[in-house]
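Given chain Z's structure and the hints, the job is docking chain E onto it.
For the protein sequence lines, the chains are Z and E, in the order given.
Per the working numbering: the first sequence = residues 1 to 95.
Per the working numbering: the second sequence = residues 1 to 486.
Hints listed in this document are in silico derivations from the structure and should not be mistaken for laboratory results.
All C-beta atoms in this analysis are idealised placements derived from N, C-alpha and C, irrespective of residue type, glycine included.
Where hints are given, some of them may not hold.
[Unchecked claim] Straight line, CA to CA, 27 Å or less: simulated DSS-like cross-link-like pairs of lysine-lysine:
no., chain 1, residue 1, chain 2, residue 2
1, E, 465, E, 14
2, E, 465, Z, 5
3, E, 374, Z, 47
4, E, 85, E, 350
5, E, 395, Z, 47
6, E, 342, Z, 13
7, E, 350, E, 415
8, Z, 13, E, 85
9, E, 57, E, 85
10, E, 329, E, 304
11, E, 415, E, 277
12, Z, 13, E, 61
13, E, 412, E, 350
14, Z, 5, E, 374
15, Z, 73, E, 329
16, E, 277, E, 257
17, E, 342, E, 329
18, E, 61, E, 14
19, E, 2, E, 57
20, E, 465, E, 395
21, E, 350, Z, 5
22, E, 413, E, 277
23, E, 14, E, 2
24, E, 395, E, 257
25, E, 342, E, 374
26, E, 277, Z, 5
27, E, 61, E, 85
28, E, 374, Z, 13
29, E, 465, E, 277
30, E, 57, E, 14
31, E, 304, Z, 47
32, E, 85, Z, 73
33, E, 85, E, 277
34, E, 415, E, 304
[Said to hold, decoys possible] Coverage of chain E stretches by chain Z, computed from C-beta distances (three or more under 8 Å per stretch; other residues unrestricted):
no., stretch
35, 6-18
36, 310-323
37, 328-336
38, 352-362
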Amino acid sequence: MTISKEQVQHLAKLARIEITDSEVRILASQLSDILEHFEALEDVDTKDIAPTAHPAPLRNIMRTDEVEDSLSKEDVLQLAPETEDGLIRVRAVLE
Amino acid sequence: MKELWQLTAHEANKGLRSRDFSSVELTNSVLERLNSVEPEMNAFITITEETALVQAKEADKRFAAGTATALTGIPMGIKDLIVTKGTRTTAGSQILSEFVPPYNSHVNEKLEQAGTVMVGKTNLDEFAMGSSTEHSAFGATSNPWDTARIPGGSSGGSAAAVSAGACLGALGSDTGGSIRQPAALCGVVGLDPTYGRVSRFGVIAFGSSLDQVGPIGRDVEDVATILDCIGGHDPRDSTSNPEPMPDLRHYLGREVKGLRIGVPTEYFVEGIEPDVKERVEEALLEFERLGCEIDRTLSLPMTKHALAVYYLIAPSEASSNLARYDGIKYGLRDETSNEIWKTVERTRAKGFGEEVKRRIMLGTYALSAGYYDKYYLKAQQVRTLIIQEFNEAFKQYDLLVTPTTPSVAFPKKQKINDPYAMYLNDIYTLPSAVAGLPALSMPCGIAAGLPVGLQIIGNFGEEGKILQAAHAYEQTTGGGNLLASL
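Only chain E is shown next, with the shape it has when bound in the complex:
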């Protein structure tokens, strides 16, 4: 018999519906697990036990009244970049360490309407800038598969918590790989939706032309269910896609015979660990057995420029977005001077961590007089070329399949002092982010005791097709729900 915290969200939903257990029992099981693993893992910035138990009681009432949804009573973790009314939201930063939002994000409203249970706000790299969750003002998160290693980032707290059983599902955010890379390194499923699919109202801004909120879950069905809940049009975000949201769970269980899968050669070159490559090759054979047409001749030469394009555009946008933290309107204020600019400069010096400062400086440089054309404008033009290259590819293929990361989870502190080496972790997740395309990461086996991630990239707006293929692969390979042994 499984413990309740070991269930997927859809398994838990079945049990709740048939009254095998209550939401309060489920929540207590998850909170007990959370409290036992958290000292080693540090996946949460704030644990919201009281809120969780109130919401669990409400959920049980909804099951009794017959108004429950697929997510009612499901214990969830919310990345601490996502604003939650009345619950401290820090973005992993000193500058917001006491910020209690007076309003709710769109996505949290959606979850509350569905009746989920919030167990806590999850740890992240400060303002979502990082690939290891070591750049958090609240301490690093450990990978539950091996606590000497990083969980990936920036949604490392969300991925670690789902993988360890400290919640059944979570919300993350992805700017250049921040959902998919930690999902890969923690052995869970994460989906970066199409740009505009999920409203960013109430999501603390980093790179506004790239940021998307998305689900992290133990299997493909859970990820589809969470995205079904949070997606859809919201007039409060002017980039929100006005088209009706497709029913994503509808794609699960569909046959994948005849799907055309392109495998771009640029994702298998230098830098990839041999056993990561092997696991991905094995997954491709599995897709072939399922009747997909695999084409290994695809070349996307613009791939190699995505890193420079991303690390010019995202920091530029960040330098502008983070200008609002000035110690005047809200957040931390340095009190050592009465002079306005000293107050602002010292507040920002004290409130921002190293990586955030580095990116603000990089972005300020790329936008500054004399360098704008050379860096920012050039990056925006090459961005167009990357998009055009994907558009051409999707005339021939339904999906693209690649590794999510070049390596498995690496030891803590290994890359913390070498920013460029850290940026290279995102090399496979950046191109689709730059193009605004949906992309999912899911486990495709183990290498040296650590999970390996498979990335499936879809055309604009085609999360359904990604989920269809991911679900078929998951069903033939053991059904998902890997739990870390922590």
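Next comes chain Z alone, as it looks inside the complex:
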């Protein structure tokens, strides 16, 4: 499996990471190399085998919907790079 430079650029867009041309080159070669080693998985017969999402013998943990204390607004807001009137300020999404 080879990953092209265009594919790397597309993945970087999906992952929201700005990458340089030299990073594109290196990642294309490294990702291709890694994926080539994973090709052997195709030889494993997985017909009718259910996928495992996690190994815990648990399913749908429920609790009653009760109002509880949470972190204070001040504690959380002081972590944000930019705030205004007690809210986190987000850069304009729509022009």
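Just chain E now, kept in the frame of chain Z:
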């Protein structure tokens, strides 16, 4: 006479109880040792000397009041992936380099309730992604047995610090071997508990179907004591096991005669260093002398697929978990653009290191349209087969014994530019992680001046049996507490 920093936690507990020394004296001895070895070792991202001395004074009060526990007053290192209220928690990343959490992780709450002393936050591969602690935004950690070599990873700071006497015990986290591999390479004991045994509330997420917090200590008893303290149900983690926590120290000192040990052939094939293999063979003879039944005919053919399964599933989960670092809510923000997506993309470009970017890209690929079935779904199906194979094996055996790593600690920079070669270090620790099984690494001798690790894998929920066997082996082979000579 031993220096106080050379004691195990249970030896120190005895001394504290009988008032041979105070927690403040113990803490000062450890801090002095820490400060003398740290310039060469770089095992800590943040040293918390002030907190430590406040906690040590509190601990001494508890001994006077008779409310001390087995861990009261014990100086500990906490992997910097674990959130500590009021103390900077970085995950080894630029993107969180200034993050001071407003809340505590479950495990740190437990330690604080027990009265431990935090000496610092230990170094790690960024977001726990790595096997050498070279992928840290705060510089690489050196192995205290030979500072030209890596300590393993990702909990390399925790393992190095315990091994060098810079703390008596530590917390690490294990996703694919991140407790056991550095424990092996630094000559200490590390235990990756059963998936769900320890709450991940307040543990910065990497691969959520794999991540577990666990103890690193100088001997088996210390590891059992720390897990006893941090384990148990926590409703804030929906994967937390609701069953009551067994008393693990109860298993120590029990006879091991008749225990059935399987030795899977797949862990002794190409790639293993001859003297690593020899030390493990010697350990198996020791188990035989102790009366265990050793079976060398076991074959686990799915073992060879664990690496691909892990390196598809963990990066996929990581690509999703790390989407939260966007420069808007908390953490680093790039200020060079007013445009929303440029801000996000540049923040992530600047804030994440090479290996983290590589894994996010790999995971994004495995989850993307057109490749999901071929990679992610396929890996999840083969994961099922790996679990089934272990289930079959545990019908016949109480425990499985293998080497922890194929080699001893390797020189720094040797594998940093070859990601796949670095991933191969985890080849023996990945299968049990994928299956969510508990597994421990402990020293089983020295090869070329460096420690060799023995891995003991148990069935789901059976940490007790692992500790029972590990303790018996340790008692017949010198009692643990190897200290690096740094």
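Now the hints, each set against the structure:
1. For the suggested pair residue 465/E and residue 14/E, the alpha carbons sit about 25 Å apart, so the restraint of at most 27 Å is met.
2. Our distance criterion of 27 Å between C-alpha atoms is broken by residue 465/E and residue 5/Z, whose separation comes to about 51 Å.
3. In summary, the hint linking residue 374/E to residue 47/Z is supported, as the alpha carbons are separated by about 13 Å, within the 27 Å threshold.
4. For a cut-off of 27 Å, the pair hint linking residue 85/E to residue 350/E stands: about 26 Å separates their Cα positions.
5. Straight-line distance between C-alpha atoms of residue 395/E and residue 47/Z comes to about 25 Å, which keeps the hinted pair within the 27 Å bound.
6. A distance of roughly 11 Å separates the Cα atoms of residue 342/E and residue 13/Z; the hinted pair therefore holds under the 27 Å criterion.
7. Between the alpha carbons of residue 350/E and residue 415/E the distance comes to roughly 23 Å, so the proposed pair stays at or under 27 Å and holds.
8. Proposed proximity of residue 13/Z and residue 85/E is contradicted: the alpha carbons are some 35 Å apart, above 27 Å.
9. With a CA separation close to 20 Å, the supplied pair residue 57/E and residue 85/E stays within the 27 Å bound.
10. About 41 Å separates the Cα atoms of residue 329/E and residue 304/E, which puts this hinted pair outside 27 Å; it is violated.
11. Using a Cα cut-off of 27 Å, the hinted pair residue 415/E and residue 277/E holds, with the two alpha carbons roughly 22 Å apart.
12. Taken as a hint, the residue 13/Z and residue 61/E pair is broken in the structure, with Cα atoms around 56 Å apart against an allowance of 27 Å.
13. Distance hint between residue 412/E and residue 350/E is fulfilled; the C-alpha atoms sit about 24 Å from each other, no more than 27 Å.
14. Restraint check: the Cα-Cα separation between residue 5/Z and residue 374/E comes to about 21 Å, which is no more than 27 Å; the hinted pair holds.
15. For the hint linking residue 73/Z to residue 329/E, the alpha-carbon distance of about 13 Å falls within 27 Å, and the restraint holds.
16. Between residue 277/E and residue 257/E the alpha-carbon distance is near 24 Å, which keeps this suggested pair within the 27 Å criterion.
17. For the hint linking residue 342/E to residue 329/E, the alpha-carbon distance of about 16 Å falls within 27 Å, and the restraint holds.
18. Restraint check for residue 61/E and residue 14/E: satisfied, since their Cα atoms lie roughly 16 Å apart, inside the 27 Å limit.
19. Distance restraint check for residue 2/E and residue 57/E: the Cα-Cα separation of roughly 23 Å lies within the 27 Å cut-off, and the hinted pair is therefore satisfied.
20. For the hint pairing residue 465/E with residue 395/E, the CA-to-CA distance comes to about 15 Å; that is within 27 Å, so the pair holds.
21. Taking the CA atoms of residue 350/E and residue 5/Z, the gap is near 21 Å; set against the 27 Å cutoff, the hint holds.
22. A distance of roughly 25 Å separates the Cα atoms of residue 413/E and residue 277/E; the hinted pair therefore holds under the 27 Å criterion.
23. Taking the CA atoms of residue 14/E and residue 2/E, the gap is near 14 Å; set against the 27 Å cutoff, the hint holds.
24. Of the supplied pair hints, the one linking residue 395/E and residue 257/E holds, its CA atoms being roughly 18 Å apart against a limit of 27 Å.
25. Of the pairs offered as hints, the one joining residue 342/E and residue 374/E is violated, with about 32 Å between alpha carbons and a cut-off of 27 Å exceeded.
26. Using a Cα cut-off of 27 Å, the hinted pair residue 277/E and residue 5/Z is violated, with the two alpha carbons roughly 42 Å apart.
27. Distance restraint check for residue 61/E and residue 85/E: the Cα-Cα separation of roughly 23 Å lies within the 27 Å cut-off, and the hinted pair is therefore satisfied.
28. Distance restraint check for residue 374/E and residue 13/Z: the Cα-Cα separation of roughly 22 Å lies within the 27 Å cut-off, and the hinted pair is therefore satisfied.
29. About 24 Å separates the Cα atoms of residue 465/E and residue 277/E, which keeps this hinted pair within 27 Å; it holds.
30. Our distance criterion of 27 Å between C-alpha atoms is met by residue 57/E and residue 14/E, whose separation comes to about 18 Å.
31. Restraint check: the Cα-Cα separation between residue 304/E and residue 47/Z comes to about 19 Å, which is no more than 27 Å; the hinted pair holds.
32. Taken as a hint, the residue 85/E and residue 73/Z pair is honoured in the structure, with Cα atoms around 16 Å apart against an allowance of 27 Å.
33. Only pairs whose Cα atoms come within 27 Å are accepted, and residue 85/E paired with residue 277/E is rejected, the gap being roughly 44 Å.
34. Between residue 415/E and residue 304/E, the direct Cα distance comes to roughly 21 Å. Compliance with the 27 Å bound is thereby established for this hinted pair.
35. Requiring three or more residues with a Cβ within less than 8 Å of a Cβ of chain Z, the coverage given for the stretch 6-18 of chain E is violated, as only 0 such residues are present.
36. With 4 residues having a Cβ less than 8 Å from any Cβ of chain Z, the stretch 310-323 of chain E passes the three-residue criterion, so the hint holds.
37. Three residues within the 8 Å Cβ limit are the bar, and the stretch 328-336 of chain E against chain Z gives 5, so the coverage statement holds.
38. Taking a C-beta to C-beta cut-off of 8 Å, the stretch 352-362 of chain E contributes 6 residues in contact with chain Z, enough for the three needed, and the coverage statement holds.
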